[in-house]
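Number of protein chains: 2
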Amino acid sequence: MTHEAGIPLGIRFKLLSDTPQDSAAQVVSDVVIGDYRDLDTLREFARGCDVITFDHEHVPTEHLRALEADGIPVRPGPDALVHAQDKGVMRAKLDAIGVPCPRHRIVADPDDVAVFAAEGDGFPVVLKTVRGGYDGKGVWVVDSVEEAAEPFRAGVPVLAEEKVDYVRELAANVVRSPHGQAVAYPVVESQQVAGVCDTVIAPAPDLDETLALKAEEMALTIAKELGVVGHLAVELFQTRDGRILVNELAMRPHNSGHWTQDGAMTSQFANHVRAVLDLPLGDPRPRARWTVMVNVLGGDYPDMYSAYLHCMARDPQLKIHMYGKDVKPGRKVGHVNTYGDDLDDVLERARHAAGYLKGTITE
Amino acid sequence: MTHEAGIPLGIRFKLLSDTPQDSAAQVVSDVVIGDYRDLDTLREFARGCDVITFDHEHVPTEHLRALEADGIPVRPGPDALVHAQDKGVMRAKLDAIGVPCPRHRIVADPDDVAVFAAEGDGFPVVLKTVRGGYDGKGVWVVDSVEEAAEPFRAGVPVLAEEKVDYVRELAANVVRSPHGQAVAYPVVESQQVAGVCDTVIAPAPDLDETLALKAEEMALTIAKELGVVGHLAVELFQTRDGRILVNELAMRPHNSGHWTQDGAMTSQFANHVRAVLDLPLGDPRPRARWTVMVNVLGGDYPDMYSAYLHCMARDPQLKIHMYGKDVKPGRKVGHVNTYGDDLDDVLERARHAAGYLKGTITE
Chain A
1 MTHEAGIPLG IRFKLLSDTP QDSAAQVVSD VVIGDYRDLD TLREFARGCD VITFDHEHVP
61 TEHLRALEAD GIPVRPGPDA LVHAQDKGVM RAKLDAIGVP CPRHRIVADP DDVAVFAAEG
121 DGFPVVLKTV RGGYDGKGVW VVDSVEEAAE PFRAGVPVLA EEKVDYVREL AANVVRSPHG
181 QAVAYPVVES QQVAGVCDTV IAPAPDLDET LALKAEEMAL TIAKELGVVG HLAVELFQTR
241 DGRILVNELA MRPHNSGHWT QDGAMTSQFA NHVRAVLDLP LGDPRPRARW TVMVNVLGGD
301 YPDMYSAYLH CMARDPQLKI HMYGKDVKPG RKVGHVNTYG DDLDDVLERA RHAAGYLKGT
361 ITE
Chain B
1001 MTHEAGIPLG IRFKLLSDTP QDSAAQVVSD VVIGDYRDLD TLREFARGCD VITFDHEHVP
1061 TEHLRALEAD GIPVRPGPDA LVHAQDKGVM RAKLDAIGVP CPRHRIVADP DDVAVFAAEG
1121 DGFPVVLKTV RGGYDGKGVW VVDSVEEAAE PFRAGVPVLA EEKVDYVREL AANVVRSPHG
1181 QAVAYPVVES QQVAGVCDTV IAPAPDLDET LALKAEEMAL TIAKELGVVG HLAVELFQTR
1241 DGRILVNELA MRPHNSGHWT QDGAMTSQFA NHVRAVLDLP LGDPRPRARW TVMVNVLGGD
1301 YPDMYSAYLH CMARDPQLKI HMYGKDVKPG RKVGHVNTYG DDLDDVLERA RHAAGYLKGT
1361 ITE
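Respectively, the protein sequence lines represent chains A and B. The opening position of the first sequence corresponds to residue 1 in my numbering, with each subsequent residue numbered one higher. The opening position of the second sequence corresponds to residue 1001 in my numbering, with each subsequent residue numbered one higher.
Hint data in this document are derived by calculation from the structure and do not stem from the laboratory. Note that the coordinates shown come from a computational prediction; the quantities given were computed from them, not determined experimentally. One or more hints might be untrue.
For lysine-lysine, the following DSBU-like pairs were computed, each having C-alpha atoms within a straight-line distance of at most 30 Å [what the hints assert, rightly or not]:
1. Lys137/A to Lys163/A
2. Lys93/A to Lys328/A
3. Lys93/A to Lys137/A
4. Lys1014/B to Lys1328/B
5. Lys332/A to Lys163/A
6. Lys332/A to Lys1014/B
7. Lys1328/B to Lys1214/B
8. Lys1332/B to Lys14/A
9. Lys214/A to Lys224/A
10. Lys14/A to Lys1328/B
11. Lys1214/B to Lys1224/B
12. Lys163/A to Lys93/A
13. Lys1014/B to Lys14/A
14. Lys14/A to Lys1325/B
15. Lys14/A to Lys163/A
16. Lys328/A to Lys1014/B
17. Lys224/A to Lys137/A
18. Lys325/A to Lys1014/B
19. Lys214/A to Lys14/A
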């Protein structure tokens, strides 16, 4: 999707990909197959690149520092990216700059979890490995000291967090350039199913304007204070008592910003590319009253063509974005966007299409 | 731009390109370099393709018939495409189906041109080679029998046409599927400079609704009667006496439809892909009150990066589409789209950006 956004600007990508089957490798012409955890591979790949950016945060921080030392611009740079790689580092930094988070502490063992629970409202407690988790992986909600044993088995540091009493999840998406320009997309509501993003509504319905502004400001502050370059998604809890707390950070175009492809004047992908190249940013404002994104998860029907016939005929305004992935149950294989003036209608259209593509709706 | 539109649908292109420098060859991953005039090259290329389509009309008609005989679907097919390849065939067909055209006749030599002139209002007369012309090439406006010699030198058939007294040029863009579904984009005004499209305004300002409907109907009739599959652009004259006459046909996404990338609910490229694959077509309606496209012609500044800084900073809503071509004076190297509620503002923004990218505006 970033390649798609680069084409009209004449910006050409060289892609480092794990396998030729990766989504990006199917559409980018200049592809190197290799392991992003191997420094020699990275160095060889980086030769001749004007700038390096990412579609995930897993490239080891120390390798990014080595590339920078070689004189290759890395955006976002390792000093920023580490906050999206390591939840312990992220929480410490957000505390330091005064951004509200759930109560949290690095914990040493299950007994320490019990102490952490007792310091607050008791169990349940959320435990997260500080590195490597996504889409609910590497996250446990534990109700007792016995249940708290599992997360420590991998031998990596574990972060304990209060289980926040939230009414919904929001996301604030911003983009920041090396020269310090920043834009904020409208704050969206993000609905999760089983820990995986399912639906995004832009803008978040019935969100108090003061809270919306506060969320945007928090995201802009984080981008600035952490030195982010490119897209930053700040996943937020809206608490029952009216506060906004930071859940997670992602430093790349993010699922909560996919709606911008068809719903904003400039997509998150286009603005990420512009930021990485230090070009002036595009207008982040919405083009429609409501835009809804619903993820398409892999289901029982590996053949999408017959589903296209139904979905496109039913809704000529539907925007389908498929990733070319092999369909496996539960895997994110694409998303759909819809927009319009009537939120109920826009939601129904997106959910119907995503359900039909998945195979859970058949009429 | 068609590749760009195919990515979100998971539709992968294999490209036959003259050179690796061609715009499409820079962004498509599966590229074969070869000559589209060579049947063996075409046959080798076509093996394994589900369907063949085009971004120009110059593949010889007989080669397309050979591919069809091999069992490869060609869309649009040769029986339709010949009308966009041969202006003599096109005029004869439009006459037969009752679509109004400028007065015309195939002429044998300069004396025959003089006869054609005398049958009407005299000179000037427009002469066109029936094949191979585009962007004003292969077209002559002659004021005398002496001037009429030049077009015959190539030894190809020549079509004479009355020089139409038109107030402006319009274009009607439609898309048609194999199963007969068709959609019509709003009729646009197309402003030419030195025979080359310069500015497109969507929808055509102050166009009488009856005339607009008539133009759409003409384009839909042509698409149906000629058996077009995919995008059809019908270039039109709006005459001083209030008629609409067909100037040219193009059977592919067309310069007069580039505005749809940012101004319509479904772009001409997305709908062309959908039509070629016999998928239901997307909504062609505009997303803004006004959308303006201005072509970027090559100028004195081969480095576009510094122009990007100015253009993007001046207008955060500007949409730049560059083709990755080497900049040569007068060559179409890209276009810009702008949209909004105020036509004067939208026009000014597009013209400023195109002029700045070309280098004719420097402040």
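Hints, verified against the model:
Taking the CA atoms of Lys137/A and Lys163/A, the gap is about 16 Å. The hint holds against a cut of 30 Å. Restraint check for Lys93/A and Lys328/A: the C-alpha separation of about 37 Å exceeds 30 Å, so the hint is violated. The straight-line distance between the Cα atoms of Lys93/A and Lys137/A is roughly 23 Å, inside the 30 Å bound, and the hint therefore holds. Pair hint Lys1014/B plus Lys1328/B holds up; C-alpha atoms about 28 Å apart against a cutoff of 30 Å.
Note on Lys332/A and Lys163/A: the hinted pairing holds, with a Cα-Cα distance of about 26 Å set against a maximum of 30 Å. The suggested pairing of Lys332/A with Lys1014/B holds, with an alpha-carbon distance near 26 Å, which does not exceed 30 Å. With a CA separation close to 39 Å, the supplied pair Lys1328/B and Lys1214/B exceeds the 30 Å bound. Taken as a hint, the Lys1332/B and Lys14/A pair is honoured in the structure, with Cα atoms around 26 Å apart against an allowance of 30 Å.
Using a Cα cut-off of 30 Å, the hinted pair Lys214/A and Lys224/A holds, with the two alpha carbons roughly 15 Å apart. For the hint linking Lys14/A to Lys1328/B, the alpha-carbon distance of about 26 Å falls within 30 Å, and the restraint holds. Between Lys1214/B and Lys1224/B the CA atoms are separated by roughly 15 Å; this keeps the pair inside 30 Å, and the hint holds. Restraint check for Lys163/A and Lys93/A: satisfied, since their Cα atoms lie roughly 20 Å apart, inside the 30 Å limit.
Only pairs whose Cα atoms come within 30 Å are accepted, and Lys1014/B paired with Lys14/A is accepted, the gap being roughly 19 Å. For the hint linking Lys14/A to Lys1325/B, the alpha-carbon distance of about 19 Å falls within 30 Å, and the restraint holds. For the suggested pair Lys14/A and Lys163/A, the alpha carbons sit about 42 Å apart, so the restraint of at most 30 Å is broken. For the proposed pair Lys328/A and Lys1014/B, the alpha carbon gap of about 26 Å is at most 30 Å, so the pair holds.
Restraint check for Lys224/A and Lys137/A: the C-alpha separation of about 29 Å stays at or below 30 Å, so the hint holds. Of the supplied pair hints, the one linking Lys325/A and Lys1014/B holds, its CA atoms being roughly 19 Å apart against a limit of 30 Å. With a C-alpha separation of about 38 Å, the suggested pairing of Lys214/A with Lys14/A is violated against the 30 Å cut-off.
This entry does not satisfy hints 2, 7, 15 and 19, going by the numbered hints stated previously.
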